[in-house]
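**Q** Sequence:
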Amino acid sequence: KLVDVMLDFVHQHYHRPIGLGDLASAMKMNASYLSALFSQETGVTFHHFLEEVRLSKAKALLRDPRNRVGEAASAAGYASPDAFRHAFKAHEGLSPETWRAGQ
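The sequence shown begins at -14 in the working numbering and counts up by one.
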């Protein structure tokens, strides 16, 4: 199944700057077609799924107090700690630091 390949791609490459265009190129397929197929099969957009995977990985790293927020952001594939903080707060309603303090 194409969607399974797409899901595997995200899980293998979430830590790098990737987008649907990168996936389409790797699969030698049309990005619009893959976008529609992904959304239809999973119920979420490719970007939303990628964001969920990255945030999940970052949360796992943040549970260890030895990991700094910036390190977790980078390891989870965010271009900057600010981009990570913005995405985290939009998703969780808390900053990464506040979320970690409540764990």
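It should be emphasised that the hints constitute simulated quantities derived from the structure, not laboratory data.
Keep in mind that the hints are not guaranteed to be accurate.
[To be verified] Here are the simulated distance ranges between beta carbons:
#1 53 / -13: 33 to 43 Å
#2 74 / -14: 13 to 23 Å
#3 11 / 82: 34 to 44 Å
[To be verified] DSS-like, lysine-lysine: derived pairs with alpha carbons at most 27 Å apart:
#4 13 / 44
#5 42 / 74
#6 74 / 44
#7 -14 / 42
Predicted, not measured: the structure shown is a model, and the values here were computed from it.
Each residue gets a CB set at the ideal place from its N, CA and C atoms; glycine is no exception.
**Q** Look at each hint and say if it fits the structure.
**A** Do the hints match the structure? See the list:
no.: 1; hint: 53 / -13: 33 to 43 Å; result: holds, 38 Å
no.: 2; hint: 74 / -14: 13 to 23 Å; result: violated, 34 Å
no.: 3; hint: 11 / 82: 34 to 44 Å; result: holds, 36 Å
no.: 4; hint: 13 / 44; result: violated, 33 Å
no.: 5; hint: 42 / 74; result: holds, 15 Å
no.: 6; hint: 74 / 44; result: holds, 12 Å
no.: 7; hint: -14 / 42; result: holds, 25 Å
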